[in-house]
Amino acid sequence: MNARKTLQLVALILVVAIAAALSFTPIQKNMKLGLDLQGGLHVVLQGVDTPDHKVTRDDMKQVQAIMEQRVNGLGVAEPIIQVEGDNRLIIELPGISDPDKAIELIGKTAVLTFRTADGKVVVEGTDLKEAKEGMDSRNNQPIVSLTLTSEGAKKFADVTRANVGKQIGIYLDNDMLQNPKVNEAITTGQAQITGYASLDEAHRMALLLNSGALPVKMEMVEKRTVGPTLGADSLSKSQMAAMVGVGLIFAFMFLYYRAPGIVAIVSLILYSIIVLGAMAMLHATLTLPGIAGFLLSIGVAVDANVIIYERLKEELRAGKTLRTAIEEGFKRAFTTILDSNVTTFIAVAVLYYLGTGPIRGFAVTLGIGIVASMFTAITFTRWLLRSMVGSGLIKNNKLYGA
Amino acid sequence: MNIIGRRKIWYAISLLIIIPGIISLLLRGLNLGIDFTGGSLLQFQFENTVTVEQVRNVLDQSHLGSSTIQLSDGNNVFIRTKPMDEGERSKLVNDIKSQVGNLTVQRDEIVGPVIGKELAQKALLALAIASVLIIGYITVRFEFKFAIAAILALMHDVFVVVGIFSIFQIEVDSSFVAAVLTVVGYSINDTIVIFDRIRENLNRKKRTEDLESLVNRSVLETMTRSINTVLQVVFVLVALLFWGGETTKVFTLAMLVGVVSGAYSSIFNASPLWFDFKQLEKAQRSKNRAKTA
Numbered sequence: 001m002n003a004r005k006t007l008q009l010v011a012l013i014l015v016v017a018i019a020a021a022l023s024f025t026p027i028q029k030n031m032k033l034g035l036d037l038q039g040g041l042h043v044v045l046q047g048v049d050t051p052d053h054k055v056t057r058d059d060m061k062q063v064q065a066i067m068e069q070r071v072n073g074l075g076v077a078e079p080i081i082q083v084e085g086d087n088r089l090i091i092e093l094p095g096i097s098d099p100d101k102a103i104e105l106i107g108k109t110a111v112l113t114f115r116t117a118d119g120k121v122v123v124e125g126t127d128l129k130e131a132k133e134g135m136d137s138r139n140n141q142p143i144v145s146l147t148l149t150s151e152g153a154k155k156f157a158d159v160t161r162a163n164v165g166k167q168i169g170i171y172l173d174n175d176m177l178q179n180p181k182v183n184e185a186i187t188t189g190q191a192q193i194t195g196y197a198s199l200d201e202a203h204r205m206a207l208l209l210n211s212g213a214l215p216v217k218m219e220m221v222e223k224r225t226v227g228p229t230l231g232a233d234s235l236s237k238s239q240m241a242a243m244v245g246v247g248l249i250f251a252f253m254f255l256y257y258r259a260p261g262i263v264a265i266v267s268l269i270l271y272s273i274i275v276l277g278a279m280a281m282l283h284a285t286l287t288l289p290g291i292a293g294f295l296l297s298i299g300v301a302v303d304a305n306v307i308i309y310e311r312l313k314e315e316l317r318a319g320k321t322l323r324t325a326i327e328e329g330f331k332r333a334f335t336t337i338l339d340s341n342v343t344t345f346i347a348v349a350v351l352y353y354l355g356t357g358p359i360r361g362f363a364v365t366l367g368i369g370i371v372a373s374m375f376t377a378i379t380f381t382r383w384l385l386r387s388m389v390g391s392g393l394i395k396n397n398k399l400y401g402a
Numbered sequence: 001m002n003i004i005g006r007r008k009i010w011y012a013i014s015l016l017i018i019i020p021g022i023i024s025l026l027l028r029g030l031n032l033g034i035d036f037t038g039g040s041l042l043q044f045q046f047e048n049t050v051t052v053e054q055v056r057n058v059l060d061q062s063h064l065g066s067s068t069i070q071l072s073d074g075n076n077v078f079i080r081t082k083p084m085d086e087g088e089r090s091k092l093v094n095d096i097k098s099q100v101g102n103l104t105v106q107r108d109e110i111v112g113p114v115i116g117k118e119l120a121q122k123a124l125l126a127l128a129i130a131s132v133l134i135i136g137y138i139t140v141r142f143e144f145k146f147a148i149a150a151i152l153a154l155m156h157d158v159f160v161v162v163g164i165f166s167i168f169q170i171e172v173d174s175s176f177v178a179a180v181l182t183v184v185g186y187s188i189n190d191t192i193v194i195f196d197r198i199r200e201n202l203n204r205k206k207r208t209e210d211l212e213s214l215v216n217r218s219v220l221e222t223m224t225r226s227i228n229t230v231l232q233v234v235f236v237l238v239a240l241l242f243w244g245g246e247t248t249k250v251f252t253l254a255m256l257v258g259v260v261s262g263a264y265s266s267i268f269n270a271s272p273l274w275f276d277f278k279q280l281e282k283a284q285r286s287k288n289r290a291k292t293a
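Chains as they are written, first to last, in UniProt numbering: chain A, 1 to 402; chain B, 1 to 293.
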């Protein structure tokens with residue numbers, strides 16, 4: 001028995017065990033659950049082209065800004081609002097309790113108003129011709145310049161004259177966007193609003209002001225809601241399936257390959273930590289297809305072990321010593337594992353590139369899995385197997401499945 | 001075991017499954033879910049047991065007679081209809097609540113027809129791109145004949161899965177697309193491991209061994225690996241099928257059919273096909289030689 005190698009073997013297994021125990025809580029905490037696992041609302045809106053106006057990227061940015069504004073009032077923890085392609089907007093509201101209310105809010109047309117301190121509507125969005133961000137040439141501060149219609153200019157002149165020194169609130173629906181103070185009566189139909197931290201903020205404000213109503217008609221092309229109980233049910237069911245599936249794999253590997261089987265099990269645990277940890281660090285969202293992807297990737301990871309162990313048995317049968325058999329086995333198995341995984345990776349990459357939403361989540365999980373499995377199989381498994389042989393604890397070739 | 005020698009039997013078994021599948025596909029197509037056709041899907045969980053007839057009655061009143069209604073465990077009912085707008089939908093939910101029984105809405109999905117059409121197009125595009133890239137990679141790492149044999153084996157698996165889903169008219173959703181593409185990834189993986197062995201054995205070929213027995217030996221040498229690997233994936237899939245719940249059933253089922261088909265095609269079709277291509281090449285060459293002589 002080799003004491004140093006035995007120590008190394010025990011240390012390696014201990015490290016994996018400790019890593020598993022330590023990473024469990026942080027991974028669980030940082031893993032975002034998809035809508036299908038925690039319940040929520042997923043809506044895809046599509047801008048509608050009219051004969052004289054084709055939906056532009058700028059239109060979509062405006063719609064996005066307005067939707068963000070509206071959704072903010074719902075108190076959803078992590079809403080996702082993003083433009084997809086040229087004319088689509090995806091809105092995801094995880095964990096929302098009243099999806100119907102959210103749909104109503106998303107579907108309506110926003111109204112822009114200017115109101116006095118006592119809440120009276122004095123100027124409406126239709127009175128505004130254009131809002132544009134810029135830099136004030138005098139003090140180099142970001143500003144938003146308003147140009148009013150001729151009718152709006154009259155209204156604005158009256159209002160500002162009556163409210164000098166007071167504030168006039170700018171509202172989108174019932175949310176106050178800003179509450180600027182009137183410095184002087186504005187009679188020219190040209191006003192400037194100051195008080196922005198950056199040009200970006202001024203730009204965002206200008207977008208909102210310009211879009212008192214949505215710039216284009218939006219049509220709901222897809223809606224999916226999942227109730228919170230269904231989500232929780234899916235989560236617990238897939239956890240159960242995961243345990244059974246992984247349990248079967250572990251049992252098979254141990255019963256069929258014996259000593260190397262144990263090495264495979266330890267490697268697979270490390271592999272799981274790496275994949276789940278990578279997903280948690282990338283803030284990837286765990287979806288139902290994602291869980292399936294993870295489980296299937298364990299299938300890929302275990303395959304690398306199977307390829308190596310089958311090689312090992314062949315080399316042993318050819319009369320090589322255990323030590324050379326392991327080195328030869330790894331050397332020969334490497335190109336096999338590389339070529340077979342690259343081709344699988346190609347299919348997964350295409351799936352990622354063309355997929356959307358949950359399918360993308362699935363592809364990401366499987367992709368991370370393939371890379372991580374190659375890493376653990378070639379480095380860690382080999383290391384562990386060498387220590388096991390070196391320790392002299394298991395000398396009988398039969399225990400290596402030969 | 002003589003696998004290459006009996007290759008006609010293996011081809012015949014494959015065709016026996018693929019041909020009825022293709023006929024079914026041409027005649028009936030796939031049973032496309034709302035992800036493809038557009039439509040509404042509602043999942044209700046009732047407080048008490050209900051029957052399909054009770055729900056059907058309410059749907060008939062709302063002129064949604066052509067909808068499908070499906071009971072599931074836990075007093076769950078799935079209803080699939082044409083696309084409904086918000087008003088129609090909330091009226092239907094209220095009608096069912098008052099006439100059938102109290103319920104909670106577990107799932108409420110509306111997919112516009114545009115989205116569905118895109119999904120089908122993207123699926124075919126993905127398959128085409130993946131095939132071309134895989135052919136490219138195998139041609140570089142092996143040779144073109146290996147690539148063609150691998151792609152044929154891969155098409156075999158796609159047709160088996162799609163064909164079986166058509167024959168049994170199992171409803172497919174967007175996850176079916178992901179399943180088929182993943183099957184492609186797995187099946188090619190199996191095939192490459194066997195080709196890799198053929199490549200290796202060719203490099204250390206003994207003079208006395210002919211190509212047929214070399215290919216046969218390569219398939220046999222990798223057989224344990226092929227079976228063990230498929231077993232592990234099958235373990236996971238069976239666990240998902242029985243314990244994973246309703247939502248992933250279509251995906252899991254498609255994967256299961258595909259992975260088994262993938263293992264079969266890798267062992268019994270891919271290498272025999274490559275051998276046949278080699279034989280053809282040889283025959284061609286000797287013919288050319290005869291001509292020049």
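Because the hints were derived from the structure by calculation, they are not lab data.
Keep in mind that the hints are not guaranteed to be accurate.
[Unchecked claim] Label-pair distances were calculated between CB atoms; the ranges are:
(1) B:202 x A:56: 39 to 49 Å
(2) A:229 x B:17: 37 to 47 Å
(3) A:11 x B:200: 47 to 57 Å
(4) A:17 x B:54: 48 to 58 Å
(5) B:16 x A:256: 44 to 54 Å
(6) A:219 x B:54: 44 to 54 Å
[What the hints assert, rightly or not] Pairs of lysine-lysine residues, derived as DSS-like cross-links and limited to a Cα-Cα distance of at most 30 Å, are as follows:
(7) A:217 x B:117
(8) B:145 x A:237
(9) A:132 x A:154
(10) A:313 x B:97
(11) A:237 x A:5
(12) B:122 x B:145
(13) B:97 x B:205
(14) B:205 x A:331
[What the hints assert, rightly or not] Some chain B residues flagged as far from chain A (calculated, every beta-carbon gap over 10 Å):
(15) 2
(16) 20
(17) 48
(18) 59
(19) 69
(20) 122
(21) 186
(22) 225
(23) 285
Just so you know, even glycine gets a beta-carbon here, dropped at the ideal spot from N, CA and C.
**Request:** Measuring Cβ to Cβ, find out whether residue 20 of chain B lies farther than 10 Å from everything in chain A.
**Result:** Fine: 27 Å to the nearest Cβ keeps residue 20 of chain B off the interface.
**Item:** 30 Å Cα cutoff - pair residue 97 of chain B, residue 205 of chain B
**Value:** violated, 75 Å
**Message:** Just to be careful, I want the Cα atoms of residue 217 of chain A and residue 117 of chain B compared with a cutoff of 30 Å; is the pair within it?
**Reply:** holds, 22 Å
**Message:** Please check whether the beta-carbon of residue 48 of chain B is more than 10 Å away from every beta-carbon in chain A.
**Reply:** Consistent with the label, residue 48 of chain B stays out of reach of chain A, its closest Cβ about 17 Å off (over 10 Å).
**Asked** So does residue 229 of chain A sit 37 to 47 Å from residue 17 of chain B, Cβ to Cβ?
**Response** holds, 40 Å
**Message:** Next pair to validate is residue 313 of chain A with residue 97 of chain B; report whether the Cα-Cα distance is within 30 Å.
**Reply:** violated, 65 Å
**Request:** Could you check the hint for me, namely that residue 16 of chain B and residue 256 of chain A are 44 to 54 Å apart, CB to CB?
**Result:** Given range 44 to 54 Å: violated, Cβ gap about 32 Å.
**Item:** Status of residue 122 of chain B, Cβ more than 10 Å from any chain A Cβ
**Value:** Violated, because the least Cβ-Cβ distance between residue 122 of chain B and chain A comes to about 5 Å, which does not exceed 10 Å.
**Item:** Nearest-CB test (10 Å) between chain A and residue 59 of chain B
**Value:** It holds; residue 59 of chain B is separated from chain A by about 20 Å at its closest Cβ, greater than 10 Å.
**Message:** Within 44 to 54 Å: is that where the Cβ-Cβ distance between residue 219 of chain A and residue 54 of chain B falls?
**Reply:** violated, 34 Å
**Request:** Confirm or reject the statement that residue 186 of chain B sits farther than 10 Å, beta carbon to beta carbon, from all of chain A.
**Result:** violated, 7 Å
**Message:** For a C-alpha distance cap of 30 Å, please report whether residue 145 of chain B and residue 237 of chain A respect it.
**Reply:** It is violated: about 45 Å lies between the C-alpha atoms, which goes past 30 Å.
In summary, the numbered hints that this structure violates are 1, 3, 5, 6, 8, 10, 11, 13, 20, 21 and 22.
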